[in-house]
Amino acid sequence: MSTYKLVVVSAGLSKPSSTRLLADRLADSTVRQLGLAGGSVEVTVVELRDLATDIAHNFVTGFPGAALRGAIEAVTHADGLIAVTPIFTASYSGLFKSFFDVIDHDALAGKPVLIAATGGTPRHSLALEHAVRPLFAYLRSVVVPTAVYAATDDWGATGEGHAGGLAGRIDRAAGELAALLAGRGPAAAQQPEVVVPFAQQLAAVRV
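Once you know that position 187 of the sequence shown is 188 in our numbering, the rest is easy, because the numbers rise by one and skip nothing.
Just so you know, the hints here were simulated from the structure itself, not pulled from any lab data. No residue lacks a Cβ here, since even glycine has one placed at the ideal position from N, Cα and C. Please note that the accuracy of each hint is not assured.
[Said to hold, decoys possible] Under the rule of at most 30 Å between Cα atoms (straight-line distance), these lysine-lysine pairs were calculated in the DSS-like manner:
1. Lys98 <-> Lys16
2. Lys6 <-> Lys16
3. Lys6 <-> Lys98
[Claimed, not checked] Restraint-style ranges between C-beta atoms, simulated for each label pair:
4. His131 <-> Ser41: 28 to 38 Å
5. His58 <-> Arg33: 29 to 39 Å
6. Ile104 <-> Leu14: 19 to 29 Å
7. Arg173 <-> Leu22: 36 to 46 Å
Produce the complete structure using the sequences and hints provided.
Below is the structure:
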């Protein structure tokens, strides 16, 4: 049985947090769907609220504290990532952006990522497409097609109860992430890339 490392990054500020709730539901659905495909999942949750001071210090000193270093290593070595932010002023939160700013810009290249956000009104749902998705595109991640936005009204029975409701969107996005992970296999099982020196490639052409 394949074991996948899934890291969930939640930028919620309150406790309890609707951002963390959405992150947990996305993770649960991903775990369930990978389980149906014969895989097991190790889930690590990174609460950015707890790392805010470390992130600020890192910008000043250039060195991450132990907790922040652990979070960065977890994200870097994950097979897949679920990233969830509250929407402030029609964009991701400053804490969310700051965390990904302290990660090496090559660390997420090719990594499957599910993006999601929470907000008070459905009017801010497009922030996922004009702010969050471009961020991970710049980092060269593989972002799943379905982004999940949850407004306040989505948490009620009416918002959940139809095929296009929050529960349906969660399962669709999680299914896309699960399919990407299953197609790639765990990082521990992937064959290392063989880099052929240019001189060797040129010699082969000349033969």
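Hint by hint, here is what the structure shows:
no., hint, verdict
1, Lys98 <-> Lys16, "20 Å, holds"
2, Lys6 <-> Lys16, "25 Å, holds"
3, Lys6 <-> Lys98, "22 Å, holds"
4, His131 <-> Ser41: 28 to 38 Å, "36 Å, holds"
5, His58 <-> Arg33: 29 to 39 Å, "38 Å, holds"
6, Ile104 <-> Leu14: 19 to 29 Å, "20 Å, holds"
7, Arg173 <-> Leu22: 36 to 46 Å, "18 Å, violated"
Figure legend: structure checked against the earlier numbered hints; the only hint not met is number 7.
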